[in-house]
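Make the complex out of the two chains shown on their own, each in a separate frame, by following the hints.
Okay, here's what each chain looks like letter by letter:
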Amino acid sequence: MSNAEGTKPGHPGGPPPGHEYHIQIDRVHYKVTDETMTGLQLRQVPPAQIGPDRDLFEVVPGGTDRKIGDADVVEIRDGKRFFTAPAQINPGK
Amino acid sequence: MLPANDATGLTERGITYTVSTEANMTCVVLSGYRLPPGYDREQADLLLRLNPGFPDVQPDMWWFDPAIRLKDGRAVKATDVTEHHLGRTWQRWSRHFDAGQWRSGTDSLESYLALIGRELERCVQHPN
Chain A
547 MSNAEGTKPG HPGGPPPGHE YHIQIDRVHY KVTDETMTGL QLRQVPPAQI
597 GPDRDLFEVV PGGTDRKIGD ADVVEIRDGK RFFTAPAQIN PGK
Chain B
7 MLPANDATGL TERGITYTVS TEANMTCVVL SGYRLPPGYD REQADLLLRL
57 NPGFPDVQPD MWWFDPAIRL KDGRAVKATD VTEHHLGRTW QRWSRHFDAG
107 QWRSGTDSLE SYLALIGREL ERCVQHPN
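If you read the sequences in order, they're chains A and B. Read in order, the letters of the first sequence are residues 547 to 639 in this note's numbering. Read in order, the letters of the second sequence are residues 7 to 134 in this note's numbering.
Source of the hints: derived by calculation from the structure; they are not laboratory data. Please read all numbers here as calculations on a predicted model, not as lab measurements. It cannot be assumed that every hint is accurate.
Unchecked claim - Partner residues are not named here, just some residues of chain A that face chain B (Cβ under 8 Å, in silico): (1) D572; (2) R573; (3) D601; (4) F603; (5) P607; (6) G608; (7) F629; (8) T630; (9) A631; (10) P632; (11) P637; (12) G638; (13) K639.
Claimed, not checked - Only pairs whose alpha carbons sit at most 35 Å apart, straight line, appear in this in silico DSBU-like list of lysine-lysine: (14) A:K577 / A:K626; (15) A:K613 / A:K626; (16) B:K83 / A:K639; (17) A:K613 / B:K83; (18) A:K639 / A:K613; (19) B:K77 / A:K613; (20) B:K77 / A:K639; (21) A:K577 / A:K613.
Don't be surprised by glycine CBs; every beta carbon is placed ideally from N, CA and C.
Next up, chain B with everything else stripped away, as it sits in the complex (with noise of 0.2 Å):
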């Protein structure tokens, strides 16, 4: 189950996700989070999985299908390996928090989705 804050959060939001659980791994689908621009396309469903001791313990990666590139065809660095969760062909943003980082007890789904939408927008700029 999502953490009540979380789901609070997301609902504030407007956001439409569903939540499923796969491997012991709490999977949270936005379905059409939009991209900022400079990507291929507009929006794609972004697929967080989240550890059981979540929030305590920090997310780990991200997932999005379909597959996005920039809009110029350029890949960015660290999204080439394709993985197979809830019946889908996702590509995985290999992303990992420093030592300390996440702090447990502040961090939650809201301060996930500020950071990959940060490094979302980073990636246009520097995408390698």
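Only chain A is shown next, with the shape it has when bound in the complex (with noise of 0.2 Å):
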């Protein structure tokens, strides 16, 4: 049986309990295990966790990057790609 895009795991069809998802921050590989996840917990998944002072976002393929905040859930699928980028920069004269 092979396993349909966008099932969940444990559902018929869909990937097992405890599937291996391999995801990539700042191209950086890493496994996960969730089939979705908060910005929080992603921000949490390099052993150096991401701070504040840095924004995470979602590569969109042919869009915008989506920015993901602590709250915001994400599915979280094979190949899936987030960065880091400094949450600020200061004008000048």
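Next comes the structure, spelled out in structure tokens:
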């Protein structure tokens, strides 16, 4: 039985419980097991957690990168890519 | 030349861009960069000028042609200087990082573009 995209772990046809999803944050590969994660949870994936001085974004192929707030929920799929960016820059003269 | 990850990232997002060199700087022009709501136009060309050491060396400032203002006519802070690059006149957005903000080995063109987008949104609410 193949895994249909969008099906849930433990559901018929979906990945089994404990399935590992391969994602990238700042081009570093990580494995996670949750089918959905909040921005806060994603910030805690790298060994050095992502601090508030950095914004977190999801790459949207062909579209505009999506800023992920701490409470925003993201559906996790294999190959999803996230990156961080400085949260602010200072106006000069 | 643009780092491979940056070139791939721009293509991945469907962004039309050109790369050239001027005064030892790598100049990346994003054609028809879409501005967030609140500005006097929907798009403008965005120029990034990257030091040869980029991405280990942080970028500094960015430029728009044509110049942009808020929809109500107000100017945004630190955008009143014009400069000539690539045979065109550009509005300089004077913006600078604090020491340590730019992370060598992590930051790249995609993070800089994300920051520019955030700063453009912020300036609609706080132009001065």
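Hint-by-hint comparison with the structure:
| no. | hint | in the structure |
| --- | --- | --- |
| 1 | D572 | holds, 5 Å |
| 2 | R573 | holds, 7 Å |
| 3 | D601 | holds, 6 Å |
| 4 | F603 | holds, 5 Å |
| 5 | P607 | holds, 5 Å |
| 6 | G608 | holds, 5 Å |
| 7 | F629 | holds, 6 Å |
| 8 | T630 | holds, 7 Å |
| 9 | A631 | holds, 4 Å |
| 10 | P632 | holds, 5 Å |
| 11 | P637 | holds, 4 Å |
| 12 | G638 | holds, 3 Å |
| 13 | K639 | holds, 6 Å |
| 14 | A:K577 / A:K626 | holds, 11 Å |
| 15 | A:K613 / A:K626 | holds, 14 Å |
| 16 | B:K83 / A:K639 | holds, 8 Å |
| 17 | A:K613 / B:K83 | holds, 24 Å |
| 18 | A:K639 / A:K613 | holds, 28 Å |
| 19 | B:K77 / A:K613 | holds, 24 Å |
| 20 | B:K77 / A:K639 | holds, 22 Å |
| 21 | A:K577 / A:K613 | holds, 21 Å |
In this structure, every one of the numbered hints holds.
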